[in-house]
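Work the whole structure out from these sequences, hints included.
Chains as they are written, first to last, in our numbering: chain A, 47 to 396; chain B, 143 to 470; chain C, 7 to 576; chain D, 175 to 516; chain E, 16 to 371.
No lab work stands behind these hints, which were simulated from the structure alone. Quick caveat, the model's predicted, so the values are computed rather than measured. Quick reminder that beta carbons are idealized off the backbone N, C-alpha and C, glycines included. Do not rely on the hints blindly, as some may be mistaken.
Reference excerpt, derived from the structure (chain D facing chain A, CB under 8 Å, subset only) [stated by the list, open to error]: (1) D217; (2) I221; (3) P429.
For the chain C half of the interface with chain B, some residues (derived, Cβ under 7 Å), not all of them [said to hold, decoys possible]: (4) D145; (5) T242; (6) K274; (7) A423; (8) K449.
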Amino acid sequence: MSDQTLLKVTDLQRHFPFREVQGLKMVRATVRAVDGISFTVKQGQTLGLVGESGCGKSTTSRLVTRLDEPTAGSIEFEGRDITHLKEHQLRGIRRDVQMIFQDPYSSLNPRHTVGSILTTPLKVHGLHKGKEKQRVQELLELVGLNPEHINRYPSEFSGGQRQRIGIARALAVEPKLIIADEPVSALDVSIQAQVMNLLAKLRDELDLAFIFVAHDLGVVRHFCDQVAVMYLGKIVEYGDKKKIYEAPEHPYTQALLSAAPDINVARGIAPKERIRLVGDVPSPIDPPSGCRFRTRCWKAQDVCAQQEPPLVAAEADISTRGRREGGLHLQACHFPEVKTDLVAEVEHSA
Amino acid sequence: MLIYILRRLALALSVVLATMVSAFLLFFAAPSDPALALCPESKCPPERLAQISASLGLDRPLRQQFFEYFSGLFVGRDFTYAGDTVHCSAPCLGFSFLTRQSVNDELFSRFPNTVVLAIMAAIVFVTVGVVTGIAAAVRRGTAADRLIVGASQVLGAIPYYVLALLVALYPVILWHVLPQFSPMSEGFGRFLLGLLAPALILGLVTSASYTRYTRNSMLETLSMDYVRTARSKGIPERTVLFQHGFRAAMSPILTILGLDIAYLLTGTLITEQIFGVDGIGRRTIQAFRSQDLPVIMGSVLMTAVIIVVMNLIVDIGYSLVDPRVRLS
Amino acid sequence: GAPTANNGGAGGTNGGDKPVEQAGAALDPNAKGPAPEIPGAKRGGILTVPYNSTPANFDPSDQFYQDTAVIFSLTHRALTTFTLRDGKMVLVPDLATDLGKASPDGLTWTFTLKDGIKYEDGTPVKAADVVFAAKRSFDPDLAANGPTYQREFFKGGAGYQGPYKGDKNWKGVEAPDDKTVVFHLEKRFETLPYFVSFNQFTPIPEAKDKKADYQLHPLATGPYMFDKYTPGTELTLKRNPNWDKNTDPARNDYPDGYHFKFGQDVIKTQTAILASNGDDATSLNWDAIDSSLIPQIEGEKKAQFEEGPSSCVIMVNMDATKIPLPVRKAIAVAYPFDSIHKAAGETSHSYSPTSTIIPPQIAGYQKYEAEAAPGFKMNGQGDGNAAKAKEMLAAAGYGPDKPFELVYYYTNDDDIAQKVNQVRKQKLEAAGFKVQDIGVPNKERRAIIGKPKGKYNMLQSPRGWCFDWPSADSIIPPTIGSGALSQGGTTFGNFSDAKIDAEIKRILNLSITEQGPEWGKMDKWLTENYLLAIPDYNDKGNSVFGTKVKNVHNNPNKGMPEITKIWLDQ
Amino acid sequence: MPEPSATALSEASDEKPSTTLQHQEKRTGRSPGQVAWDRLKKDKVAIICASIIVFFILVAILAPLLTALQSADPTTGLKADATRTNTDIVDINGLPMQGTSAAHWMGVEPRLGRDLFARWAYGARPSLVIGFVAAAASTMIGVTLGLLAGYLGGVVDRVISWVIDFFLSLPILILIIAIVPIVQKGFAGTGDLTNEETSDIRFWTLIVVLFIFGWMGLARLVRGEVKSLREREFVQAARAIGVPTRQILFREILPNLVGPIIVSASIAVPAYIVYEATLSYLGVGLVEPTASWGRTISDAQSLFSIYPLWLWPPVIGLSLLVLALSLLGDSIRDAFDPSSRR
Amino acid sequence: MSTSTNTVSTRTAGANTAGEVVLDVSDLSVAFPTEEGLVQAVSNLSYQARLGRTLAIVGESGSGKSVSSMAVLGLHNPKRTRITGSIKLDGLELVGAPASTFQKIRSTKAAMVFQDPQSSLHPFHKIGKQIAEAYQAHNKVSKQIAHKRAVEMLDLVGIPNPQRRANQYPHEFSGGMRQRAMIALGLVNNPKLLIADEPTTALDVTVQAQILDLVNDLQKEFGSAVILITHDLAVVAETADDILVMYAGRGVEKGSAKEVLAQPSMPYTYGLLQSLPSHSEDLDELKAIPGAPPSLLNLPSGCSFHPRCQFKDQVPGDACFTQLPEWRPTPGLSNREIRCHLADPVATLQLDEGAR
Ligand SMILES: Nc1ncnc2c1ncn2[C@@H]1O[C@H](COP(=O)(O)OP(=O)(O)OP(=O)(O)O)[C@@H](O)[C@H]1O
Ligand SMILES: Nc1ncnc2c1ncn2[C@@H]1O[C@H](COP(=O)(O)OP(=O)(O)OP(=O)(O)O)[C@@H](O)[C@H]1O
Ligand SMILES: [Mg+2]
Ligand SMILES: [Mg+2]
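Next comes the structure, spelled out in structure tokens:
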């Protein structure tokens, strides 16, 4: 794992303007899907992006892959600003940055065979000329599929197998960074594990950098080095995995962690104390002033409504277990407070 | 809502305008000579023809005619005729070449006939189509379903004008089962009765496609989760079908209805011709025979307006049926 | 046959100073009202008349068409009119006391109005009203569709624009007093008494003139008046209380009213009328009988059908400047009349083959059958003789290697014309002609075949002629004289010949009585010596009527029923 | 569990989706199109309809042969063909003097005496050609415009949508009546044409006019589908890979529209056939001497009571063909139905 | 097979009873004849639901969870479904019952909350009306009273400002509120049995927690039986009393929820639990069950799970391949039943776990 910064995202914004009719008036409004986020991904590193539905995770992924153009901010890939490149200028980037999609059903063209799905990227980028078929078979093997299935249609595969095809497609161009937008959310637990294992294996073997989007904290914890927690288009807490899981400081991160049901309850561990949030996520069209989380926050005070808390270094740079550890840990709350034990420790012996 | 309607109206207006311009160019610029149509073949020396042309205003440059026609539409225009100047106020469609009557009057006076015919036909095809469509959907896969679908297919496959002609001839003329058309001036009841036969046949034939639309739409909504929810509430099946199923199945039918207005008007054209209903369609065909351009233009405009307005109404109705439509 | 104007009749004319007097002839200057009663006729009922075409308007100044003329014969009276007597049309005085008096030079005609004639509103009819109407018939807008004889014959008529745009005090027609109408002519117009039976000479009171809108309710002088008129749709007539039958020698008034419906589908209408259910039993239709109904009207429904001649003669026109006479004769021998009639959907009830240019209703008609070749009579019958035609062509120097090419235009946007062309072409080719049939839309064809310098060498305009009154001066001069050609129009043969023109001029200067036989002779002479157009057929008119409609007879001047004599058996 | 009308509940949503998924593990190499094809082959109605259509196509192709099967006409000693007139065998009023015979299986045409069987067999040609060619042309236009509007969005979409709206608001029939002569004139140039040339020109004119006015529905449909397909992840994936736009449109998106396109084309074909007949009825359809069912029907309707032999064969032919085509269309729709497939 | 099922279940029930049995499903099979063959969605399923207790039905997608519970409410099209066995709801036999019976018991005795609240609420009707309608269908009351009841219910499920919300359409609700409304709809007639079919799958974690708490609270208040269908084992661990694990249309393990999750005794349950990336475990690799679920058109012979089972070698002979395992109590565990041929599943699985 070298220390080379692969991707640097600074103050990224994506607003979707739209018109809405309110009574007799036509109002212009914007969905602030992503509203100023910054993060970096180093080579071989995995960044997890978590947050509730609609907080802007997919939008971020689409911006980073440049399937969408940011409203503001910048994206640098290997030091090159790719924020506003035109489609034809993006060719190189298209090779280096790939995406794995959430839905294994809709992300494969039902009209193409596996073979043609996998040769398309090779052809587009002129890779392995003349030996495309061989390369496709390699790829299939790499993701654990039978190379003989090259002439099958996606409909003839199960969800897990399809997701593998999607992964193979992303790998075909030999990218440096893969953005995986909820790659396992649509899969069943038993299959999910298969795919996660595959991703981990590939990451390690090919030294890939990942941005891993998910809402399942367990999966993220399993897979990522760093985690960014998003809420309504903003990053509220960002840091090394350990810090986030073991010493979360932002109330939202804490709520998220505590809300996840825990199977360990069944193993005799007392159910953790759950932080109950009231109300629903506000609309990104009209986000609350100041701190966006304040409407659901139990710690909210006047200042939260007036000032937007900046993303700053976490106060207590200590881990739950009392050992001091360095590493990245940023949070954005006016009243940060370390809360440990939100995640139960598992007893390894049965 | 208001803004939406205004915007839609503006769009509709642009469509109607474009229709008018293209129709004008089509008809007036086309190599046709309405004067010839008015001049009997055996007695038509050239100077007579020129006189008729001049009297119709067709001797002036096309650009001038175009300008006059369109200014007539928006601000009205003056006609000089037999030494008199007559003002024709906006929207002025001009005067019929043939009857010398105001096209506005000619068409508006016939408008009710066409509209009543269309509405009666619509009542027929909507009720027949919807009822049979629902019946078929509910009995999907049974013999009854196949019968309904089959019958509607067969009905739709026979050339309409042949069917209409048979109806016009046998039940109406020869057997006297159904009354003939009589104008509104001879009593509204008789008028309605007279439209029964044409409306029935037009409605029945049109209903064929509505049967299928309804069936498909119904099948689709019946497979929706919310219908399952409705059923799980233990409410009577009838309520499930109509309040939950059909209510939602209606919007696609409504959309198609909007799109179909143009075809319905085509249908009235042929129907009016065959049943001798004195409506816009028949007048238009007449106008074609005599190259009566102002009347043809007028009826193009009128039909375009009807279609556009109906689509607007359908759109608004759509939003009434479906609360999700935010009209934006 | 094309639609045509009013009028007709038979017989001679007057000339000079004295009133026309011709016992037993088709002129009856002394006819007096009331018209004789029809034995057994009953009063009452409404006659419904649904028919196919749609009258453009009911402005008296603009009338030239048969159907409106029939309707006007119920509502409007002109200076003279025709009445049906024993199957013949007789010209009788109507508003005038006689058939007019001409000055010795024939250039001034005087008509005197009867006393006691009123409009439907009770106001009396004045001579000035007739003069105003006559002037009005010059208006280029209001009278665009009307006849044009007045422009040609009336003094100063050529450029006159009518009373609105033109000189109000134009002197072509004058009313020196309330009862007298005086016509000043440019040249002799011996058949003026016929012409003044046109609706252009029905009085219009200037004070009540509404110009373009006058047609919505033209003031009636006849036994009926407009009740309700919806342009393009229908017209109902009711009795005119101010009509005095004692002044009217021509009209009876049996039904209580009439109901005309325009633009009706022919088959449906005729089928319904033959079935005679309800109102259909008191209905009448004058469209050509649909061929699907022929079995009925030839069989059980015979009594509900009436047919007779109309005013039109149809000819096969050839360009004599391009086709030499021997070839014209060969065409006459080859021409497939029967096939063409069948293809055109003509039936024995819609035409009768003819061998003359002048139809039999016309004064001086002389029956003859000219021969195109020995033994080959040109009588519009048969299906052509290909073999004989080939022989004749060969004799004229044409053969398979050097065929004579016939070039003509036909309407390609009309189904019947196309079918006719198919058989015509097949048969003419069989007779050894080379045929170049050029299909164009009707409108274009009419423009092309109306110009004498066309690419065609046959079938140019006119296709035939419908007379405006029953004298051949309304047939031969306009179709054969070089006048039309010099004005840029076409004629039979497109042929200008000094001999022919001289003969026409000679006959026109004769009195009405003398003209008839001379026209008859000229007809035969033309066909035998020139063969500019091959006589084909006379159009027939017919009526189909319900079982309660009585006394329907064909008006041979119009090929329409004589509507003023019909009564209903309620 | 008798719940008589609890039908359809499970139909579209959960009828077969995952079963096929699992089931197909065993059958390899079947694309969705092939699945539909297999289903069609099992559908009896579809087979019957297809046979009927094939029958008419054969009749159309083999018209000269079939016509020649009739024996020679005794009066002329010639075998009938579709255009030869024979006025000798109709009476003075144009009615045939004979009924069906070995020489004229369907009798002869009133007035012209042409052989009705020949006209019937040849008459299938324009119906089929117009139906298929106009449908193909309008499908092409509709698909292209729909693809562009749906995929490119923005101004292109707004312009195309407006044009679609515009065309949909036109009183089509009136315009067709007006346009046919004009287009014909454009084709015809100077206008010195023979019967046959005119009739050919009119034939192509009709096709052009029909498809000019017939592409909007499909364009709208395709536009909608493309709009939703565009958001589908496989299109995003193609973009992410760097596949050029044109290739995305035609290689990624278009194949997914095959179902709706085939269905809409299968509806368009009978619709055009009927439209052609209707236009003939209104006098702006095909012209003499082309034998066409629409023309024959419009000619024959006046005499149908006394000479039904003229009217009914083309009416039955047309109805049967249209019926078969639209039933087949339904079957194709079912076969492609996404609710019974995944 | 069916007889043993019954006795076993009764025994289990007897041991576990905390309330009266409301729903007794025994030997239920549901099959759908389709073009491609017979889809055996549910086979020989038996379970019971008791008042005051929550039964979780787990299993992966397509294992027949929804199909079996929809059969309870008679929501399958009778013409396209073959249902055999017995479903006794509050003593009433439902298999083969007429439509009118179902109409009566729906919502009053058994109600269902569906997975996707977005598509399960009618988009064109106001929320209040949809709830009131269910109340009115079973109580002879006026519209106003029914509406009041609907508002009450919305209040009960914690929707703020219920008066106003009752007059809104579903699309104006957020996902969590919609699911609450669905629950309100389910409870409006105080049913004895509430079937919640994946009530939180479509929701966010924080909202999911809210909803699950709500269901628990309501159950305590109403004392009804709840069947919770899910494939999220963590949810089960936190909310359910009893559990039924399904695989390929069959029940494979049942018992007390906590015990089963703590100590699974059937290889499939075990595999499922193993494949979870438990929050605190930092293992490099997850223990996935290899292979994919079988086709319901063509179930594997013997035990449906055998193609994916890593322990099939430990069963002597070819029992796993040829013989369908019957329900049997797990040796060494009380209150537990499994369908497995393993002689001593507990030991076998423990051995495996220890080996890792
Ligand atoms: N094209 C668009 N136009 C308007 N709004 C959009 C668009 N795309 C996304 N949004 C809005 O932006 C917000 C963020 O969406 P995004 O898809 O990034 O969320 P997410 O975190 O990926 O959610 P999920 O977990 O549901 O996938 C949402 O409110 C969404 O409605
Ligand atoms: N009407 C039907 N016809 C054919 N097969 C059906 C039908 N309904 C359901 N199935 C099949 O039955 C099986 C069980 O479906 P069910 O919906 O019960 O699964 P589930 O366990 O609820 O899954 P999920 O977790 O995805 O909801 C599935 O394979 C499904 O495809
Ligand atoms: Mg997302
Ligand atoms: Mg389910």
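Taking 7 Å as the limit, does the beta-carbon of C:K274 come near enough to a beta-carbon in chain B? holds (6 Å)
Interface hint status, D:I221 versus chain A (Cβ within 8 Å): Given a least distance of 25 Å, the restraint on D:I221 is violated.
Under 7 Å, Cβ to Cβ, is where C:A423 needs to be relative to chain B, so tell me if that hint holds or is violated. violated (12 Å)
Residue hint C:D145, partner chain B, criterion CB-CB below 7 Å: Status holds, d = 5 Å.
Minimum beta-carbon distance criterion (8 Å), D:P429 to chain A: holds (4 Å)
Restraint satisfaction for C:K449 [CB to CB of chain B, less than 7 Å]: Holds, because the Cβ-Cβ distance from C:K449 to chain B comes to roughly 5 Å (cut-off 7 Å).
Interface restraint verdict for D:D217 against chain A (beta-carbon cut-off 8 Å): With Cβ-Cβ at 21 Å, over 8 Å, it is violated.
Does C:T242 hold up as a contact with chain B if the rule is Cβ-Cβ below 7 Å? violated (10 Å)
Hints 1, 2, 5, 7 from the list above are not met by this structure, while the remaining hints are.
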